[in-house]
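Student: All chains should be built: construct the whole structure from the sequences, respecting the hints.
These are the residues of each chain, in order.
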Amino acid sequence: MTNVWDAFSRTDDSLYGPLPDPAANAGFAPDHPKRVGFFTDTSVCIGCKACEVACKEWNLVPDDGTDASDLYRLTGMSYDNTGDLGASTWRHVAFIEDVRPHGTATTAHGGEVTTGHIPAGLPALGGGALPKARDAATAPPGPGGNGEGTVDLLSLLPESGAHGQQTPDDERDVRWLMASDVCKHCTHAGCLDNCPTGALFRTEFGTVVVQDDICNGCGYCVPSCPYGVIDVRGSDGGAHKCTLCYDRLGSGLEPACAKACPTNSIQFGDLDELQAAADARLAELHGRGVEEARLYGRDEDDGVGGDGAFFLLLDEPEVYGLPPDPIVTTRDLPEMWRNAALTAVGLGVAAVAAFWKGGRR
Amino acid sequence: MAEAHPVGFQWVMEAKARGAKVIHVDPRFTRTSAVADLHVPFRAGGDIAFLGGLINYVLANELDFREYVQTFTNAADLVGEDFVDTEDMAGLFSGYDPETGRYDPISWQLEDQFEAPAAGQRDHWEAGLREHHAAQTSDTGGGSGQGAATTDNPARDETLQHPRCVYQVLKRHYARYTPEAVSQVCGMDPEQFLEVARAITENSGRDRTTAWVYSVGWTHHSVGAQYIRAASILQTLLGNMGRPGGGILALRGHASIQGSTDIPTLYDLLPGYIPMPNAHLHEDLQSFLDADAAKTGFWGNMDAYLISLLKAWWGDAATAENDWAFDNLPRLTGNHGTYGIVRDQIDRKSFGYFLVGENPAIGHANGKMQRLGLANLEWLVVRDMQMIESATFWKDGPEIETGELRTSDIGTEVFFLPCANHTEKSGTFTNTQRLLQWRREAVHPPGDARSELHFYYHLGRKIREKLAGSTDERDRPILDLTWDYPTFGIHSEPDPEAVLGEINGYDAEGRPLSTYTQLKADGSTTAGCWIYTGVYADGINQADRRKPGSEQDWVAAEWGWAWPANRRTLYNRASADAEGKPWSERKAYVWWDDESGRWTGHDVPDFEATKEPGYKPQPGARAQDALAGTDAFIMQADGKAWLYAPAGLADGPLPTHYEPVESPVANLLHDQQDNPAREDIDRAWNRLNPARSEVYPYVFLTYRLTEHHTAGGMSRTLPYLSELQPEFFCEVSPALARERGLEHMGWATLVSARTAIEARVLVTERMKPLRIGDQTVHQIGLPYHWGANGVSTGDPANDLLGVVMDPNVHIQESKVATCDIQPGRRPRGPALLEFVEQYRRKAGVEPGGIH
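Chains as they are written, first to last, in this note's numbering: chain A, 1 to 361; chain B, 1 to 851.
Treat the hints loosely; a few may be bogus.
[As the list claims (entries may be wrong)] Simulated pairs of lysine-lysine, DSSO-like, Cα-Cα distance not exceeding 30 angstroms: (1) B:Lys349 / B:Lys395; (2) A:Lys34 / A:Lys259; (3) B:Lys21 / B:Lys587; (4) B:Lys616 / B:Lys520; (5) B:Lys21 / B:Lys171; (6) B:Lys547 / B:Lys16; (7) A:Lys259 / B:Lys547; (8) A:Lys259 / B:Lys21; (9) B:Lys349 / A:Lys259.
[Claimed, not checked] Over 12 angstroms on every C-beta distance to chain A, these chain B residues come out as not near it, computed from the model: (10) Thr30; (11) Val35; (12) Tyr267; (13) Ile341; (14) Pro418; (15) Arg476; (16) Pro496; (17) Thr517; (18) Glu608; (19) His670; (20) Asp674; (21) Pro697.
[Claimed, not checked] Computed footprint of chain A on chain B; a stretch qualifies when at least three of its residues, placed anywhere within it, have a C-beta under 8 angstroms from a C-beta of chain A: (22) 6-14; (23) 710-724; (24) 763-771.
None of these hints come from the bench; they were simulated from the model. All residues carry an ideal CB built from backbone N, CA and C; glycine is no exception.
Tutor: Now the structure itself:
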C-alpha cells in the first residue's frame with residue numbers, strides 16, 4: 001500500500017513509472033509469489049465468449065439483464081451484447097467490423113500487409129460509438145423499428161460521393177476483429193491508490209482486488225481507472241471488477257476465463273514469462289508480414305507502469321475502444337502534494353510573518 | 001466451425017499456428033472467416049458447382065495423384081454401355097422415370113460388374129438388379145447370392161484412356177464446370193476460385209495432404225448426399241483419403257451424434273450400419289443377406305455381424321432353428337424418417353411420439369408441420385431439462401395465436417419427464433473422429449430427473465412385467481429380449497458398463513471379445529454393435545483411457561478408443577503405395593514390414609495384418625479374401641474408392657449441380673433446374689415458393705450462433721447465455737437494407753409460402769450481395785435458436801422453411817430457401833394467415849391450411 005508520506009517526502013516509483021515488484025512495494029515479504037497476469041492474444045480470438053460465461057459462473061457475477069434493466073436486448077454493436085467492462089462484466093469480448101476498400105483488408109494474421117487504419121467516413125460497427133440499448137434509461141425499441149435505442153446505421157453508411165472512400169458493396173472488404181478485454185491489473189492502479197477504505201488492495205500475486213465486505217460504494221475508484229474498468233453495481237452498491245480469480249490462484253488454479261478459452265487467446269502465467277511469449281508472438285507475426293500487430297500494456301514506461309493484463313492487438317487501441325495513452329490518475333499526486341505543502345508552508349510563513357510583524361507593532 | 005464448434009476449432013488454430021493454410025468457404029462471413037487465411041463467399045446451394053469446378057481443375061490440368069488413383073480407385077473400370085450422362089440428357093442421368101420421379105440405377109452399372117454398395121440404397125437397389133443380372137449370367141443358379149458380388153475379372157483400362165472408363169467419364173461430366181462457369185453459378189470471384197484450386201492441389205500429393213471439414217451446411221440440401229460425394233471424388237483424386245492430415249470430416253450437431261448413427265436412432269439402420277430389413281413377403285435371414293450384403297469385402301461378413309447382434313438382443317431365444325430370431329426385427333414399409341413420421345401423424349396414421357432431447361417445434365424445418373403433427377397425437381413423451389416449446393405447443397404455440405388450433409380441440413396427452421444432463425450420468429460420447437470417450441457422473445441429477453438409460457431400462461422392465469405370461473406371438477420379441485442389466489443406487493440406475501460390455505460382445509464362454517474379426521455366424525458370439533467390438537476388450541473399459549497426449553506419440557492411441565479396432569484413420573492402407581511403402585517420409589503412417597511380414601506403423605493398420613501388398617485373390621474367393629493386397633477400401637465390394645458410384649445412390653452416380661428447390665436463379669449448368677429425384681410433401685401446410693419467384697426474391701439461410709444451443713432449450717433458458725445473444729435477428733447487407741428500407745436494429749418481417757416471422761435487423765458488411773449471371777442475389781442470415789419459451793424469446797426461423805428432401809437420406813433442404821423481407825413487425829393473430837395467403841396468391845401458390 002502506498003504510503004502518502006513516502007510519496008510526498010521522496011520521489012519514488014510508488015505512484016508512477018517502472019516498478020519491478022508491486023507486491024513488494026505494497027509490503028509483501030520478499031518470498032511472495034511471482035507477479036502473474038494475462039496475455040490476451042487477440043489474433044487467435046474467435047469471439048466465442050466462453051471467457052465471459054466462465055468468469056460469471058465462477059465469480060457469481062449477475063447477468064446484465066437482471067442487473068441493468070431485466071430486459072434482454074441487442075446492442076446493435078455487431079455480436080457484442082454486453083457492451084463494455086463494468087461491475088457485472090469482468091471479461092468483455094469486443095466485436096469490431098472493420099470495412100475497407102477491396103484489397104486492403106487482411107484476416108487476423110493472414111499474409112497481406114495493410115495500413116491498419118479504418119478509412120475515414122466508414123463506420124466501425126462495434127467501435128463503441130453507438131449508444132447502449134441496454135442502458136436502463138433507454139427504452140427497448142417499439143413496434144415499427146423506430147423506437148429509441150435504435151441506430152440508423154444506413155445513415156452512417158457511405159453514400160455516393162458523401163465520403164472519399166466510397167466503393168460498391170462487393171468492392172469493400174470486411175475484417176472482423178475480436179478481443180477479450182479485462183481489468184489491466186496496473187502496476188500503478190489508480191483505483192487502489194484512490195480507495196479511501198482499503199477495500200482495494202494489492203495481492204501477493206501483484207494483482208488488484210476489491211474486498212466486497214469492506215467496500216462502502218463511495219465510487220472514488222470509478223473515475224480513477226484510466227481504462228474505465230471498475231464500476232459500482234446498482235443492485236448491491238459495491239464496486240466490482242476482475243479479481244484475476246484471486247480465490248483460484250490461492251489454490252493453484254488458473255483463472256476461469258483462461259481455463260475456458262479454447263484457442264489459448266487468453267494466456268495466464270507469470271508475467272515475465274507472458275511478456276517473453278508475447279514478444280516472440282509479435283516477432284512471429286511481424287515476420288509473416290502482419291505489420292499492424294502490436295502489444296498493448298506491455299511497456300513498463302507507459303502511463304500506468306505497464307499492465308498485469310496486456311494484449312496483442314491487430315490495430316490501433318482506439319479501434320478496440322481502448323485508450324491509446326492511459327495515465328494513472330495519481331501520476332501527479334506527489335507533485336500536487338509537494339505544491340500543496342509548499343503552498344501551506346508558504347502560507348504559514350506568511351501568516352507567521354504577518355503576526356510576527358503585527359506582534360512587534 | 002469457430003461458430004458452432006469452438007472447442008474443436010482450437011485444433012484448426014493449432015494447425016494454423018504450425019503453418020497450415022485455413023480456407024473458409026461460406027456464404028457468410030462468420031467468426032471462422034475472421035481468423036481464416038482466406039474467406040471465399042459464395043451463394044448458398046452452389047457447392048456442387050464449386051466442388052465440381054475443383055474436380056474439373058484437377059482433371060483438366062492432370063493434377064490428380066495418378067499413382068494413388070490407379071492403385072486405390074475405380075478410375076480404370078469401364079462404365080456399361082447403357083449409361084447416359086447428364087451431358088447428353090439435359091441434366092438427367094439414364095434410368096429416370098418422370099412418372100415416379102425416381103431413378104432405376106441398372107444402366108449405371110460398370111461393365112461386367114455388379115457392385116453392391118457398402119452403404120445407402122441397398123435393398124431398394126437390389127431387386128431389379130438381381131433380376132437383370134440373373135438374366136444376363138448363367139452361373140447364378142437358383143440363388144441370388146452372386147447378384148451382389150463383383151466378378152473376378154472386371155473390364156478395366158489401366159491407362160485410363162478408354163472413353164468409357166470412369167476417369168474419362170468423370171472428365172467429361174465435369175468439363176463444363178470451368179472456373180468461369182463456377183464463378184457465374186456461385187457468384188464467386190474467379191481469381192479467388194483459382195486461389196483455392198491452387199492451394200488444395202499444391203497441398204496434396206506424396207508429401208502433403210489437405211482435409212475438408214463440413215457440417216450441416218453441406219447436408220441440409222435436396223442434393224446433400226451428393227455434396228459429400230463430390231468432396232469424396234475430389235479427395236480421392238488428390239490422394240487425401242486414408243492418410244494423415246487428409247479426409248473429409250463431418251462436424252456433428254451434438255456431442256455424440258456420431259454415436260447415435262453408429263448405434264442408430266435412424267429408422268433404416270441397425271447398429272454398425274447394417275441395413276434394417278424391408279417388408280418383403282417370406283424374407284428369411286439368408287435372402288435378406290443376399291439382397292443387402294456384398295459378398296466381397298468386409299461386408300461379406302454381415303452374417304456374422306447380424307447374427308451376433310441378434311444373439312446379443314435375444315440370447316438363448318435366438319437359435320439356428322428360428323433363423324436367429326430374425327423375424328423379431330421390425331420391418332420397414334416406407335420412409336419412416338422424421339418428416340415421413342410427422343406427415344403420418346398429421347394424417348392420423350401414427351399416434352405416439354417420444355421426444356428425447358429434441359425440440360422439433362423450433363429445431364426442425366417447417367415448424368407448423370411439426371406442431372400439427374404433435375397436435376394430432378394420442379400421446380407424447382417429452383424428455384428434456386426444460387419446458388420446451390414442443391411440450392407446450394398446445395397452449396402457446398403460434399397456431400393457437402392465429403386461431404388455426406384451439407387448445408380444447410387438441411387431444412394429445414403430453415408426459416413431460418425431466419432428464420439428466422451429460423454431467424449427471426455416465427456413458428460414452430463418440431465424436432466425429434469415431435473416438436469413444438467415457439465420462440463419469442459428476443453430480444446426481446436433481447429431483448425426478450433420470451438418465452436415458454434409467455428411463456428406457458425401467459420402461460422396458462415395466463412393459464415386460466405387464467406382458468408377462470402373454471402367449472400372443474407379437475409379444476415374443478419383447479419378452480425374449482435379454483433385459484437383465486445390474487442396477488445400483490437408490491434409483492436402481494442400470495450399470496452403463498454392463499451395456500458397454502453387451503455392445504462389445506462376448507464369446508461362447510462369456511469372455512469379452514477383443515475385435516470384430518472374432519465374430520462368427522454360428523451363434524457362438526454376441527455383439528451389440530460389431531464396429532464397437534474391442535471397446536471392452538479384456539473386460540476393461542477402453543473408452544475410459546486417459547493417457548495424456550504428452551505421454552504418448554502423436555497418434556495418441558491410448559486416449560479413449562476409436563472404432564473399429566482403435567484405428568484412428570480409416571482405410572489407412574492407402575497411406576502406403578502399391579508395394580506397401582509410405583508415399584513419403586513426411587506422411588508415413590502405416591506400411592508393410594517385409595521382415596516381420598506384417599503391416600505396421602503409427603496407427604493400427606486398417607487392413608488384414610499379414611495380407612501382403614502383392615496378394616491376389618483366388619477366383620471365387622469371398623469376403624476379405626476376395627480383396628487384393630492393394631484394395632485399401634476394405635468395406636467396398638471391390639476394395640476401391642468409388643469415383644463413380646454405380647450403385648447406392650438414389651439420384652445419380654455422379655454429383656451434378658442442381659439448384660436448390662427454392663432458388664432465385666436458373667440452373668446455369670444444366671437444363672434440369674433442381675434434383676429430379678428429390679422427395680416432396682405436397683400438402684397445404686407445406687407449400688413451396690416457386691423457383692425464380694419475384695414475390696419471394698431473396699435467399700435466406702439458417703444457422704447457429706456460438707452463444708446458443710440448437711433449438712434453445714439449453715441456452716435461451718439461461719441468463720448467462722441469453723444476455724450474449726438476447727434477441728432473434730436477421731443479418732442483411734447494407735445494399736439489401738437500402739433496397740427494402742430496413743433499419744439497423746429495427747424490425748423486419750420475413751415471409752415465405754409457409755408463414756411470416758419477425759426479427760430485429762442487423763445491417764452488416766459481412767453479408768455481401770452476389771452477382772449471378774446478370775442478377776444480383778441477396779442472402780439473408782437467420783440464426784434458428786428462438787421460440788416462445790425461456791428468458792430470451794423470438795420467432796422460430798425454421799417456421800419459414802418448407803420441407804423438401806434429399807432422396808438418399810430424407811434430410812430437409814434447410815440451408816437455403818427463399819423469402820421476402822419488409823420493414824416492420826408481422827401481423828398478429830388471424831391477420832397473419834391472411835397476410836401470408838396474400839403472398840401465396842401473388843406468387844401463384846395454392847392456398848395454405850392445416851389439413
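Student: Confirm or reject each hint.
Tutor: How the hints compare with the structure:
no.	hint	in the structure
1	B:Lys349 / B:Lys395	24 angstroms, holds
2	A:Lys34 / A:Lys259	20 angstroms, holds
3	B:Lys21 / B:Lys587	18 angstroms, holds
4	B:Lys616 / B:Lys520	25 angstroms, holds
5	B:Lys21 / B:Lys171	28 angstroms, holds
6	B:Lys547 / B:Lys16	25 angstroms, holds
7	A:Lys259 / B:Lys547	20 angstroms, holds
8	A:Lys259 / B:Lys21	27 angstroms, holds
9	B:Lys349 / A:Lys259	52 angstroms, violated
10	Thr30	8 angstroms, violated
11	Val35	5 angstroms, violated
12	Tyr267	35 angstroms, holds
13	Ile341	35 angstroms, holds
14	Pro418	22 angstroms, holds
15	Arg476	51 angstroms, holds
16	Pro496	27 angstroms, holds
17	Thr517	38 angstroms, holds
18	Glu608	40 angstroms, holds
19	His670	26 angstroms, holds
20	Asp674	27 angstroms, holds
21	Pro697	17 angstroms, holds
22	6-14	holds (count 5)
23	710-724	holds (count 6)
24	763-771	holds (count 8)
The structure shown violates the earlier hints numbered 9, 10 and 11.
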